[in-house]
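Q: Work the whole structure out from these sequences, hints included.
Here is how the chains run, residue by residue.
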Amino acid sequence: MSDTRTSPIAKLVATSAEIRAILDHPTEMVKFGVKGRGLVEWAERHEIELPVQLYDTLPVGEGGVLVRVGEGELILECAADDPLLSRFNAALETAGADVYRIEQQAVTLVLKGDRALGILAQACGVNFAAEPVNRMVYTRVAGASCGVLPQDEGGQRVYRLWIDYSLAPHLWETLAEIAGNRQ
Amino acid sequence: MKYRLPAQPGEWIDRTQELNFRFEGAAFTGFAGDVIASALMAHGVQLLGRSFKYHRPRGVYSLAGHDANAMFSDGTHTHWRGDSVLLAQGMDLRAVNTIGGLKGDRLNFVERFSRFMPVGFYYKAFHRPVWAFPFYEKQTRKIAGLGEVNSALLPTASPKDYAWCDVLVVGGGAAGLEAAWAAGETGVRVMLVEEQARLGGSLAWQHGRNLAVQQACGELVAALAGMANVEIRCATMAGGHYADHWVALFDAVRMTKLRAGAVVYTPGAIEQPAVFGHNDLPGVMLGSAFQRLVHLYAIKPCDRMVVLAANSAAYGVALDMLAAGVEVAAIADLRPDGEPSVLGEEVAAAGVPIYRGHAVYEAVPRGDKGGLRGAVVAPVDDAIAARRGEIIACDGLAVSVGWMPNAALLSQAGVEFSYGQTLEQLTPIAQPDGVFVAGRARGVYDLAQQREDGRVAGYMAARYTGQYDGEVAAAPQTAKEAHSHPYPIFPHRGKKNFVDFDEDLHLTDFANAHQEGYDSIELLKRYSTVGMGPSQGKLANMNAVRILAKLNGDSINDTGSTTSRPFYQPVPLGHLAGRRFHPLRRTSSHEWHRGHDAEFYHAGDWYRPEYYHHGDTQRDECIVQEARQVRQSLGIIDVGTLGKLMVNGPDAVELLERLYTGRFKKLAVGRYRYGVALDERGVVIEDGVIARLAEDRFYVTATSGGADAFYREMLRWAMIWDLDVTLSNATGQLAALNLAGPHSRMALAPLTDLDLSPEAFPYLGVREGEVCGVRALVMRVGFVGELGYEVHVPAWEGERVWRALFEAGAEWGVRPFGVEAQRLLRLEKGHLIVGHDTDALTHPYEVGLSWAIGNNKRFFVGQRSLQVYAERDIERTLVGVRWPEGFKGALPEECNLIISGGRMVGRMTSLASASPLGYPLGMAFVEPDMGEPGTRVEVRLDAGVMSVAEVVALPFYDPDDERQKL
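Just so you know, the protein sequences line up as chains A and B, in that order.
So the mapping is simple: the working numbering equals the position in the first sequence, first residue as 1, plus 326.
So the mapping is simple: the working numbering equals the position in the second sequence, first residue as 1, plus 50.
Possibly wrong hints are sitting among the right ones.
SDA-like mimics (lysine to any residue), calculated; alpha carbons at most 20 Å apart, straight line [claimed, not checked]:
hint : chain 1 : residue 1 : chain 2 : residue 2
1    : A       : K337      : B       : G645
2    : B       : K307      : A       : V452
3    : B       : K307      : A       : A455
4    : B       : K307      : A       : A456
5    : A       : K337      : B       : K307
With beta-carbon atoms standing in for the labels, derived distance ranges [as the list claims (entries may be wrong)]:
hint : chain 1 : residue 1 : chain 2 : residue 2 : range
6    : A       : D440      : B       : R416      : 50 to 60 Å
7    : A       : G396      : B       : A744      : 16 to 26 Å
8    : B       : R853      : A       : E354      : 41 to 51 Å
9    : A       : S471      : B       : S915      : 25 to 35 Å
10   : B       : E531      : A       : G481      : 51 to 61 Å
Calculated directly from the structure, the hints in this document are not laboratory data.
In this text the structure is predicted, and so the values were computed from the model without any measurement.
The C-beta atom is built at its ideal place from N, Cα and C for all residues, glycine as well.
A: Structure (structure tokens):
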């Protein structure tokens, strides 16, 4: 994490080290949003590959991801020095009024390990076992609107959760409580 | 444990784990695997509870989870069912529904007055005289009900859980095991749920001591356990069936919301009682309860028994009891020809007297009425009630006269039933898509056929999911002979003949209700409460229908049955509530506020600092100090909760022109305006500022509580009007703070690249630049009536910027201020808060917002309604009110009414009991003719006394806005 950025759950994470093997909070990546009716043309003009279908994703750099969250909306999560982020910034500088940057400050949580699916099942009504990997699901987790991206990590599923900055403490506390209960 | 038998094949108890427990003050021991009732019966304890209404002695009846009269409490758990809750070490139990203990229950006198308590007596007795009703209510509440809720108990969080499968199988008996196996074999994901702690269903206790049956069951269970696609959940009850195969599952700690592709129900059948005199005495039990006691818990139920029979199962009971060392004194078989199968021969060969064509007329109580000493057996004929039969000495009486499909969940699922006289039971005649029924619930009694029936249902369910396309054989035929007696009811004029053990309803109650006109089953249920007790009619409804059918002279099918609703068995309310998900939002500086002793409160979805504690200073004084610091020097407030909406695109300004009452087409880039939004009725629903960042790019703020709803409204209108505009809700993405006070410019200037001079950055200006090296949007605002800057930065940078500004303000003694100080400051300034100073009927003319309505606009939402309002006199107006300087009297609450001449003429909307101005002040709605400054108004306080205030012109502070234009 850069020196200037403050995670809303930094203290919560620090005081629950015992569950980091199940519930983690990576902070080294940043998010960047692009939105507008001219998104497709803008991407073609700047030779930026787009996920084809709504909620499809493309891998970016080391562990990053580009998600198409609308016909005309993208969210990029990547390292702060990822070249794609620079290309996005540069491309937006010359963009017209039909494409523009939107603020993306969502917080990432990662559920992993054998109990990940069971923990999600205590907080969300979506059957993630039946969802394909690398497709984003927008739903409610623990009552909060949330994006959930099933991913494959060494043959085991992990679930990447994107939650609004202001709701991240609630989601962390709830999932940590469930993870700690072992019920 | 003198009634504990030697180890029985397949018993459920673990004799290596002895458990100590107490019941009604006495110490007992049991084994792990015992239910509470079995552990007590191992010691010969038959009296386990008192009945609901008459406080009659009761004991085990079904031992199948339906015994409403064997309930216990440990002081924490209100209703533990003795026939299903497992014994645990150290339990200290009492029977519910007694006063003074189970044996000496002081309420057992109630039965003596039973003739004055016919069905529905409370409807007729307790409403007159009216003045006595509170007394009746108090006494009734004291006596009625089962158990006491421990209100001091802290609730524990019960997890919520969701689960999914292709095929759900409910019931782990022979048919269910086969269904799960067949479905599992096709490869679909199967879940098998069983209410009991172990699989096997009736195979565990109705095996007739046939080890081959038990072995086959064990092999099937082992095969299922080896299937990776089959999940088995024992001690789990399917409690409700809802639309689209959504089934609620309950275990000891949680409710699981299960979504299945198809459901196979194999819930079996429930053995039914017979009605005769004193049929509720401890020691009178269903035949299946006798078998459960012997085979599951190795309990010898009694020493000498009589069996009331109407089917083969009764003879199986007799043989099992003989093997357990019980003397079977007689079988009273309701059938004139007795038992045709080999079982009949076996019983006869054992020397058991068989009374064919006989019924039990009466169970004869012991002297203490805590058990029975004999059974009166008499021939079945129409005159039975007038005759006295032979008394056969016994301390146990097994009732085995018939079965009813365990149909509650099936009915919820939409399965339709019909009563057939071949079987003398209800059987399914129509099933909804994706729901399958097998086994005894379908009327299949032969074990081999039950298994085949289960397999067929399993394959059918797998095929229904679309993942299996194999051929499926036809289901077996249902049984060809009746396993139930058509009318196992034998009136006894002198004794109580109970039909519903839960509610203490006896045969006469039904006759009385019918005489009073309750001749439909649904009305009868509601009047008599039959089937409304803890067992939900599982042991009462069938006989109630039979009785009503006979009284009406109708068939069972014409009489119908009552509606089954969730839950199959009562469930803890905590399971239904589950773990609470209450998402509350926190701003980026939340931890800083915590560290600075903020008192938080909930503002809509947000945690917000109400004020900051300051040593021993009282709340109101803290608030005034915070406000005073803003007025005099510098304060900082977290306004990250504000709605922050981006409106982009060629039609952005058009959208805003239509949504808000004001004009924005000519708003210059770098400027903002206050905006008011209305609904179609002209009611004020939202306000905020609309800042123009570029010709086609706007930044809009909205109220903390209303932002999400207003954003949805913007999306809706943008789509309806088909505007070329793109919206995004950045509320959670951006942090925001307001640096307010005469020194705010000096505090902010060193930290930003923006020129803050009044000329370069005037009041109502908006700029994009950097603050603390972070890209920021800065607005020069005046909500609190002082020079101020609202700084919006990315959320991840919010706390750092807050800290930096706080440190920068130290030179001017900066203090954080909370929502209360902000409300006080804006109140002094006469700024209203939408939703606080307005309500669901408020239009702009009532609250002095005429100036915010753009004249000659072509259209905005609510415009037509406003045109109507403009032609009418307003009915109320928002005014300022104040009390004298130094006023120390009682003050009103917000919303207290303003009274004039005994008439309500207004109400308070906002109030500050203290202010930097030195006097209490507020805003209020009053009738227009009371709005003139100097008018005295009387506000009625909660205590009923009046407080006199004076109407004053708004604002209270800086009417020429000189402070915010510094």
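Q: All the hints need checking, so say for each whether the structure fits it.
A: Cross-check of the supplied hints:
Note on A:K337 and B:G645: the hinted pairing holds, with a Cα-Cα distance of about 12 Å set against a maximum of 20 Å. For the hint linking B:K307 to A:V452, the alpha-carbon distance of about 11 Å falls within 20 Å, and the restraint holds. For the suggested pair B:K307 and A:A455, the alpha carbons sit about 16 Å apart, so the restraint of at most 20 Å is met. Taking the CA atoms of B:K307 and A:A456, the gap is near 16 Å; set against the 20 Å cutoff, the hint holds.
Restraint check for A:K337 and B:K307: the C-alpha separation of about 33 Å exceeds 20 Å, so the hint is violated. Between A:D440 and B:R416 the beta carbon distance is about 58 Å. The supplied range of 50 to 60 Å therefore holds. A C-beta distance of roughly 22 Å is found between A:G396 and B:A744, which places it inside the suggested range of 16 to 26 Å. Under the hint 41 to 51 Å, the C-beta atoms of B:R853 and A:E354, about 22 Å apart, miss the expected range.
Range check, A:S471 to B:S915: about 33 Å between beta-carbon atoms, so the 25 to 35 Å window is met. In this structure the supplied range 51 to 61 Å holds for B:E531 paired with A:G481, their Cβ-Cβ distance being about 58 Å.
Of the numbered hints given earlier, the model fails hints 5, 8; all others are met.
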